[in-house]
Amino acid sequence: MTRLLSICWFRQDLRLADNPALCAAAARGEVLPVFILDDGAAERTASALPTAGGFIIPWPR
-3 MTRLLSICWF RQDLRLADNP ALCAAAARGE VLPVFILDDG AAERTASALP
47 TAGGFIIPWP R
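Take the sequence shown: its position 28, counting from 1, is numbered 24 in the numbering used here, and each next residue is one higher.
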C-alpha cells in the first residue's frame, strides 16, 4: 500500500491531540505540518493570544 504525504495547515487552532484533520492525515501516512506566523493576525485577534500566545510569541521573527 502506498503511504501518502499530507500537508496539515494550522491556521489559528494549534491543538494537536484532538485535531480531526491532523488525526486523519496521520492515519493515511506521513504529515507535513505547516503554520505561517502572520504578525497582522496577532493584532486582529488579540483576544486569542492568551490561549495561543504561549506558542506564538516566543518564536523568532
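Honestly, the hints are just simulated from the structure, not real lab data.
Think of the CB as a built atom: it goes at the ideal place given N, C-alpha and C, for glycine as much as any other residue.
Just so you know, not all the hints are guaranteed correct.
Claimed, not checked - Simulated restraints on C-beta separations:
1) THR(-2) <-> ASP34: 32 to 42 Å
2) ARG11 <-> ASP34: 30 to 40 Å
3) ARG(-1) <-> VAL30: 29 to 39 Å
4) LEU33 <-> THR(-2): 15 to 25 Å
5) ILE32 <-> LEU1: 16 to 26 Å
6) THR(-2) <-> CYS19: 25 to 35 Å
Going down the list of hints, with the structure as the test:
Taken as a hint, the range 32 to 42 Å holds for the pair THR(-2) and ASP34, whose Cβ atoms sit roughly 34 Å apart. A hinted range of 30 to 40 Å is violated for the C-beta pair ARG11 and ASP34, which are about 18 Å apart. A hinted range of 29 to 39 Å is violated for the C-beta pair ARG(-1) and VAL30, which are about 19 Å apart. Look at LEU33 against THR(-2): about 33 Å separates their beta carbons, and that is not inside 15 to 25 Å.
For ILE32 and LEU1, the Cβ-Cβ distance of about 19 Å falls inside the hinted range of 16 to 26 Å, so the restraint holds. Separation of THR(-2) from CYS19 is about 20 Å and departs from the stated range, judged on CB atoms against 25 to 35 Å.
Taken one by one, the earlier hints fail for this structure at numbers 2, 3, 4, 6, listed in ascending order.
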